[in-house]
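**Student:** Sequence:
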Amino acid sequence: MNNRAQETREALGARLRGYRKDAGFTSGRAFAAITGWQESKVSRIENGKQNASEDDIRVWCETTGYSAEIPDLVATVRHMDELWMPVATCVAPSPSNLERGPRH
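Under my numbering, read the sequence shown as residues 212 to 315, first letter to last.
No wet-lab data here; the hints were simulated from the structure. We put the CB at the ideal spot given by N, CA and C, even for glycine. Worth double-checking, as some hints may not be accurate.
Computed Cβ-Cβ distance ranges for the label pairs, DEER-style [stated by the list, open to error]:
id	residue 1	residue 2	range
1	Asn213	Ala241	31 to 39 Å
2	Gly276	Asn213	15 to 23 Å
3	Arg215	Ala241	27 to 35 Å
4	Ala286	Gln261	12 to 20 Å
5	Gly235	Glu293	16 to 24 Å
6	Arg289	Ala225	13 to 21 Å
7	Ala286	Asn214	18 to 26 Å
8	Arg215	Gly247	31 to 39 Å
9	Ser238	Asn213	24 to 32 Å
Given these sequences and hints, build the entire structure.
**Tutor:** Printed below as a string of structure tokens:
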């Protein structure tokens, strides 16, 4: 597991938990009821156990009155997605490897 991605996910969850509490939702259960989500989903996102989707971010921010934060949080979610990519998909092949052709 990528430690940087996990740390970012946990920080995002803590930030979202703060938004929920600031909005007066004292429990994840109350927030889940208003959004139509499962309580476990709210808990997993807040505790950094599940990635929030871009749609999750929009719903969370609109429900808590933090709509102005949507662009920043969506950028964070997109960055986390990049952090989870395997290194091999992030590195372009070098010209020398392309000239050699496939290995058999």
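**Student:** For every hint, state whether the structure bears it out.
**Tutor:** Outcome of the hint check:
Range check, Asn213 to Ala241: Cβ separation about 33 Å, and the 31 to 39 Å hint holds. Look at Gly276 against Asn213: about 32 Å separates their beta carbons, and that is not inside 15 to 23 Å. With their beta carbons about 32 Å apart, Arg215 and Ala241 fall inside the hinted range of 27 to 35 Å. A hinted range of 12 to 20 Å holds for the C-beta pair Ala286 and Gln261, which are about 19 Å apart.
The hint said 16 to 24 Å for the Cβ distance between Gly235 and Glu293, and at roughly 34 Å that hint is violated. Checked against the given bound of 13 to 21 Å, the beta carbons of Arg289 and Ala225, roughly 19 Å apart, stay inside it. For Ala286 paired with Asn214, a C-beta distance near 20 Å keeps the hint of 18 to 26 Å intact. Between Arg215 and Gly247 the CB atoms are about 32 Å apart, so this pair conforms to the stated range of 31 to 39 Å.
The beta-carbon spacing between Ser238 and Asn213, approximately 31 Å, falls within the hinted interval of 24 to 32 Å.
The structure shown violates the earlier hints numbered 2 and 5.
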